[in-house]
Amino acid sequence: MSDAVAVEAGAHTRKRLRRTPDEKRRIVEATFVPGASIARVAREHGVNANQVFQWRYEYRKGTLGVRQQGQTKLMPVTVTADPNSVTLPGIAPIIAASGSIHIELPGRAVISVEAGVDPELVRTVLGSLLQ
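The sequence shown begins at 1 in this note's numbering and counts up by one.
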């Protein structure tokens, strides 16, 4: 008779960590520091380097941490007294002499704002989308 050894299935598997969009962004931005190694940054954060490459790709496309359809979150916008200046939290003021903005919320609304539009009208339209 031989002695049997029981091996627990999954004993050596690691639990997958779910990173928040802010965590992903911080990790990706650490790879943009001059002299930074993507492999080293990934290792320091316990992430596979290939995953960091994917996050960098999404970061550059502007889709890192973007919610899936149906889970859209609106970003607060402040329209200043100057109708050509718009401020977003954490972003330097945007000043435009001319142009337009096109906002598409799939399944909800399409909004086009032309240069010179009344800021109160923009505020009213955007406010109606929050309800």
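To be clear, the hints were calculated from the coordinates, so they are not data collected in a lab. Where is the CB? At the ideal position from N, CA and C, for every residue including glycine. One thing to keep in mind: the hints can contain errors.
Said to hold, decoys possible - Ranges between beta-carbon positions, derived for each pair:
| id | residue 1 | residue 2 | range |
| --- | --- | --- | --- |
| 1 | His45 | Asp118 | 45 to 51 Å |
| 2 | Arg25 | Leu105 | 19 to 25 Å |
| 3 | Arg18 | Ala49 | 42 to 48 Å |
| 4 | Glu120 | Asn50 | 32 to 38 Å |
| 5 | Arg40 | Leu121 | 49 to 55 Å |
| 6 | Arg18 | Glu104 | 25 to 31 Å |
Can you list which hints this structure breaks, lowest number first?
Hint check: 3 and 4 fail, others pass.
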